[in-house]
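Enquirer: Take a look at the letters that make up each chain.
2 protein chains.
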Amino acid sequence: MTRTAKLPYAATLDKSPPQQPFPRPMPHRNGLSTRARRDDGETVVSVLMAKTLAQPDLISLAAGFVDFDSLPAETTAAAVQSIMSHPCHASAALQYGTTIGHPPLRQAILDRLCQADGHTADEAGLSVDQVVITSGSNQLLHHVGEVLLDPGDIVLCAAPSYFVFLGLIESLGATTLGVASDEHGIVPESLESTLEELDRAGRLAQVKAIYVTSYFDNPAGVTTAAQRRPALIEIARRFSRHHTIYVLEDVAYRELRYHGDDVPSIRSFDAAGDTVIQAGTFSKSFSPGIRVGWGILPRDLVAPVLAQKGHFDFGSANFNQTVMAQVFAQGSFDTHVERLRDCYRKKLQAALDGAEEFLAPIDGVKWVRPGGGLYVWLTLPEAIDTGLDGPLFDRAVEEGVLYVPGEVCYPREGAPIARNRIRLSFGIQSCESIRQGIEALARAIKRTAR
Amino acid sequence: MTRTAKLPYAATLDKSPPQQPFPRPMPHRNGLSTRARRDDGETVVSVLMAKTLAQPDLISLAAGFVDFDSLPAETTAAAVQSIMSHPCHASAALQYGTTIGHPPLRQAILDRLCQADGHTADEAGLSVDQVVITSGSNQLLHHVGEVLLDPGDIVLCAAPSYFVFLGLIESLGATTLGVASDEHGIVPESLESTLEELDRAGRLAQVKAIYVTSYFDNPAGVTTAAQRRPALIEIARRFSRHHTIYVLEDVAYRELRYHGDDVPSIRSFDAAGDTVIQAGTFSKSFSPGIRVGWGILPRDLVAPVLAQKGHFDFGSANFNQTVMAQVFAQGSFDTHVERLRDCYRKKLQAALDGAEEFLAPIDGVKWVRPGGGLYVWLTLPEAIDTGLDGPLFDRAVEEGVLYVPGEVCYPREGAPIARNRIRLSFGIQSCESIRQGIEALARAIKRTAR
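Respectively, the protein sequence lines represent chains A and B. Mapping of the first sequence onto numbering that gives the first Met the number 0: position 202 corresponds to residue 201, and the numbering continues sequentially without gaps. Mapping of the second sequence onto numbering that gives the first Met the number 0: position 126 corresponds to residue 125, and the numbering continues sequentially without gaps.
With the rest of the complex left out, here is chain A (with noise of 0.2 angstroms):
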């Protein structure tokens, strides 16, 4: 969750960014390499925690954690024990794995997926040799930024993005590029219009890929509409003049949806195969602590990521690999989540709840009601800078509640940054601490509007 946490700042698309070190940065190592020295400097991360330890009664709605009682300890004890019980099967789970991945999870994966978008794996054009298992999406995440971008690079992301992501596309020297996005997801023509921007600067060769989180995003947890979704790879195919420009889909709160229906994934509509990565991840429905994540793959992004990962790790934990299989196997992946579903419908309620009691009385105070998701993204009067250094978060501290300031969400060019901005994570906290928390931040909320 680490991101270097430069001060943000907009600019325009026809020049570089200047650097902008973070206030306290760490002493100057020569022998470090160029993209260590990117990441001289604290994390946000690092600043939030630092808070969570100095005041252990803070109400943190920062962390991105799970909930905890809903975690899957009876599910995972059988699982191993099934496992475990086999002697054949216990030692191959022990055992080193093959780069790609467990055939069965693959399998496994891909049938959930074609099943949630409606088609066989065939009218999809879709392969299991498509199906790479990581450690969580975000070592996917990372593995296709190293296959395709140099430094100077650019990844257009929805304006506001996963932080994480962002700090890792720009520690690889590439740029991370906002286009707007609405409480519809990422805006088509925003999407179209800075593309053509960057087009006329010359800059169109540099646009590797085009990130899109499109269920219940972080941090604003809005749902790509159905409708947009064709059209962002209609954009993209449009504008692959130099190469293709991927269309990077993250579909980690798919699963995590309150209300509403399904739609299909970006990744349906590419008919041809050769835009769409989607990467995903059993962190959030079923378990970080196992951290089990997949890349739905073009084809001629297989062997690259696959080099990639060789040289890295050659294969994700094989052993964590065969229980979240034997989990399916058993059926009780559904259960699971049907379970999570329940749980994180009532935190979401009282997360919107709070707001409606505490903050909706404040001038200005406005919110998405996602359907879905870990997340509430608030939008503040104007006039209050919600950052690490602005007069809010201290208060809010002092008041005994943490949350993510917004403009650490922001991608580094494109998009202005909105400094009004907050993620409220609900994911950890307990109904009753949500309240609380919501509470102590319309205090804090109401003395820094005075």
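The set of hints was computed from the structure by calculation and includes no laboratory data. Watch out, some of these pointers could steer you wrong.
Note: identical chains are not told apart, hence a pair may lie in one copy or across any two.
Stated by the list, open to error - Taking lysine to aspartate or glutamate and the DMTMM-like style, the derived pairs with C-alpha atoms no more than 25 angstroms apart in a straight line are:
{"id": "1", "residue 1": "K50", "residue 2": "D333"}
{"id": "2", "residue 1": "K345", "residue 2": "D393"}
{"id": "3", "residue 1": "K345", "residue 2": "E73"}
{"id": "4", "residue 1": "K445", "residue 2": "D362"}
{"id": "5", "residue 1": "K50", "residue 2": "E431"}
{"id": "6", "residue 1": "K345", "residue 2": "E188"}
{"id": "7", "residue 1": "K50", "residue 2": "D128"}
{"id": "8", "residue 1": "K345", "residue 2": "D110"}
{"id": "9", "residue 1": "K365", "residue 2": "E431"}
{"id": "10", "residue 1": "K50", "residue 2": "D299"}
{"id": "11", "residue 1": "K445", "residue 2": "E397"}
Based on these hints, arrange chain B on the given structure of chain A.
Expert: Same frame as chain A, now just chain B:
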């Protein structure tokens, strides 16, 4: 286990080696990063795997797998059961952990290292804050590479060295440069003269690290002699004029000692604590499927390595770390290692007996008798090229045995590449198969030597 198998060669130190791609390149795709394009070719591992798939009755003395039957199924099941039966422990294990890793496991690793090296943590100037958990030691090696190396930088390596490590360094655009190694490990005088030569050539500032597998190395099976260990640190420090030249000590096989007494690690001689990076793993000593490794880092490198890990996965799977900590807490690690040693001692003996019986009669074939590890390193008559494209390899496959050609284990520059070497892995085969495999190899050598 991927390494891009570019054809190896020896080159002088004062010019860059020519790029010689492996003969079966993938089509050029101009959207890929420079790093991905470095991997544009088939790997040794994929060639070996294709052979295995095409001929399933092959005896593979190539694969680096561990013994199947001794994998710790019961111990793992007991550890998981114990964790899962306490709701609090279960939830903690299934939740996110921290980037640096699970504190009880880091403490257990530090305690074990200190005990083996015969000092306390205080005496060694070490603290648990310097212990970072990774997904196998390979991940640590990768993070260290990312943190230290820019394209053109140099890592000095014993010649021969672990070929996956060589591949990962080359994938970063850095150069591996071989230093002579004999039956007592890397030769300090050769290290010194190599550094002097690099200094004269104006390349000293590019040298970032010296890589040594200090116990039963991969592939040569040799252990760095005790008296050479402090010398490596002294030399590294003496040449650290531009920046620290780190000694990267890989202790993956330390626990796999079947004969003789343990020797203190190179790390134990680093009184100032600023020179040695130690990489370790439970993959060989416990289970590669659980895949938990670690690094003991100089203080200056902790933050940069954690920043990379933050971008990558913000912490290795907490579940696996908790299982390993529980294995230590229940005291079952040592019992397991003892059992492993008994198992592998017999396999090593089978390999040495087989070599004595079938290979000793062939003129010019010799080998070092390792005291541990998983490999026997053969030297064949000078005229026999053991390479993938040489005459022996296909004959060996015809006779029913697969090996790793020595040529892939040599750094790209520096020490000359011996083309008449073979790495035999005895980890996964039964004693009988080891014997049969060596007998088949002897037949192939005789046919080739004729």
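Enquirer: State for each hint whether it applies.
Expert: Here is what the structure says about each hint:
no. : hint        : in the structure
1   : K50 / D333  : neither (37 angstroms within a copy, 40 angstroms between copies)
2   : K345 / D393 : neither (29 angstroms within a copy, 64 angstroms between copies)
3   : K345 / E73  : within (22 angstroms within a copy, 40 angstroms between copies)
4   : K445 / D362 : within (10 angstroms within a copy, 89 angstroms between copies)
5   : K50 / E431  : within (22 angstroms within a copy, 61 angstroms between copies)
6   : K345 / E188 : neither (36 angstroms within a copy, 69 angstroms between copies)
7   : K50 / D128  : between (45 angstroms within a copy, 19 angstroms between copies)
8   : K345 / D110 : neither (30 angstroms within a copy, 45 angstroms between copies)
9   : K365 / E431 : within (21 angstroms within a copy, 73 angstroms between copies)
10  : K50 / D299  : between (45 angstroms within a copy, 24 angstroms between copies)
11  : K445 / E397 : within (13 angstroms within a copy, 81 angstroms between copies)
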